[in-house]
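*Asks:* Each chain is listed here by its residues.
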Amino acid sequence: MSEVLFFLAGSGAIAGALGVVSLRNAFYSVLALVCHLLSLAALFLLLQAQFVAAAQVIVYAGAVMVLYVFVVSYIGQGGVAMQMTGRGRIGGYLFAGALAAELMIAMLGSGLHAISTDGAKADAGFGDPEQIGSLLLTKFLFPFEAASFLLLIAAVGAVVLARRRGGAIDDPAQPVLSVMDMIRDEHLGTMAETVNAGEGAQPTIGRSS
Amino acid sequence: MAIGWYLAVSAIVFSIGAGGVLTRRNPLVTLLCLELMLNAANLALIAFSRMHGNGDGQVFAIIVMVVAACEVTVGLGVIVAMHRRGLIIDVDELRELHG
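Residue numbers (this note's numbering), protein chains in the order written: chain A, 20 to 228; chain B, 639 to 737.
Among these hints, one or two may not hold up.
[Stated by the list, open to error] Under 8 Å between C-beta atoms, here's a sample of chain A residues computed to sit facing chain B: (1) L27; (2) L169; (3) S197.
[Stated by the list, open to error] Here are some, though not all, of the chain A residues that point toward chain B, as calculated from beta-carbon distances under 7 Å: (4) S135; (5) G144; (6) P148; (7) G152.
[As the list claims (entries may be wrong)] Which chain A residues stay away from chain B? Per the calculated CB distances, all over 12 Å, these: (8) V71; (9) V198; (10) I202; (11) D204; (12) H206.
No lab work stands behind these hints, which were simulated from the structure alone. Where is the CB? At the ideal position from N, CA and C, for every residue including glycine.
Required output: the full structure, derived from the provided sequences and hints.
*Replies:* What follows is the structure in structure tokens.
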């Protein structure tokens with residue numbers, strides 16, 4: 020049973036990866052990556068990593084892929100040349116083939132005898148949230164905190180990079196309407212009225228009593 | 639299934655991702671191929687974690703997922719900023735730093 024599931028999920032993962040690389044439309048590439056990630060979550064389940072499989076589906080196939088889909092639909096496909104031509108492309112494929120051959124040689128010639136077994140005998144609680152949580156909060160506390168800082172920095176950085184520069188919001192010529200303009204009575208001698216009167220304009224904003 | 643089969647899948651996916659990074663010109667697809675490579679590394683980490691019967695590899699995989707999410711966020715922010723400035727979304731055409 021586990022062999023059948025492994026070959027289904029493994030071929031799904033490889034097919035998804037090939038789809039990401041070869042499809043012309045970036046939107047279809049994202050969908051192929053979703054297929055790849057779901058197959059990979061099935062492989063994680065076969066390796067008794069339940070928590071990581073659930074996190075893979077929720078975080079990757081859920082959140083990150085939604086981000087990709089939004090950006091792809093925002094940017095569109097406008098005139099993007101899809102693939103390299105000529106020598107660069109051939110060189111890229113040759114490099115990938117050489118990398119695959121090298122990794123296979125490294126795996127076949129490995130001195131690790133355990134990779135031809137089904138793995139060590141795992142107890143019942145292997146890979147469940149309790150084990151991962153206790154490891155994260157005791158042995159790996161520093162990487163955990165560093166990862167949280169990294170997420171915070173990435174969120175701030177993304178907002179700073181992608182924010183709207185200039186535009187109507189930051190235009191100083193546009194009058195800024197604040198909540199106080201709505202609730203303040205007229206002719207109170209406030210600073211806002213003085214500024215408006217100095218420019219020769221009647222204060223039109225405000226409640227007339 | 640023997641652990642070696644999982645490692646073989648991981649190696650194949652990693653090579654496909656590396657080939658995609660080298661050949662595709664759309665930076666969005668380049669980011670997707672980087673995700674492929676990171677996920678292949680995750681699969682190898684979890685396979686080795688199963689091989690040793692030790693949960694440490696799964697924690698590594700979760701940290702790798704966090705790093706991948708950060709990379710995607712910043713990368714997509716850069717791409718959106720490029721789009722806002724009207725630059726061509728093509729890694730070969732961006733040569734302002736070329737000198």
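*Asks:* Compare the structure with each hint and give your call.
*Replies:* We went through each hint and held it up to the structure:
Here the hint on L27/A is broken, as its CB sits about 12 Å from the closest CB of chain B, past 8 Å. A cut of 8 Å between beta carbons decides the hint on L169/A: the least distance to chain B is about 5 Å, and the hint holds. Because the smallest distance between the Cβ of S197/A and any Cβ of chain B comes to about 28 Å, over 8 Å, the interface hint for this residue is violated. At its closest, the beta carbon of S135/A sits 5 Å from a beta carbon of chain B; the interface hint therefore holds under the 7 Å criterion.
This hint is violated: G144/A has a C-beta 9 Å from the nearest C-beta of chain B, more than the 7 Å allowed. For P148/A, the interface hint is violated, the least distance from its beta-carbon to any beta-carbon of chain B being 11 Å, above 7 Å. Hint on G152/A is violated. Least Cβ distance to chain B is approximately 10 Å, over the 7 Å limit. Distance check for V71/A against chain B: the nearest CB is about 5 Å away, which does not clear 12 Å, and the non-interface claim fails.
No Cβ of chain B approaches the Cβ of V198/A within 12 Å, the least distance being about 30 Å, so the stated non-interface status holds. For I202/A, the condition that its CB be more than 12 Å from all CB atoms of chain B holds, with the nearest at approximately 36 Å. With a minimum CB-CB distance of about 42 Å to chain B, D204/A clears the 12 Å threshold, and the non-interface call stands. At roughly 44 Å, the least C-beta separation between H206/A and chain B is larger than 12 Å, which holds for a residue marked as non-interface.
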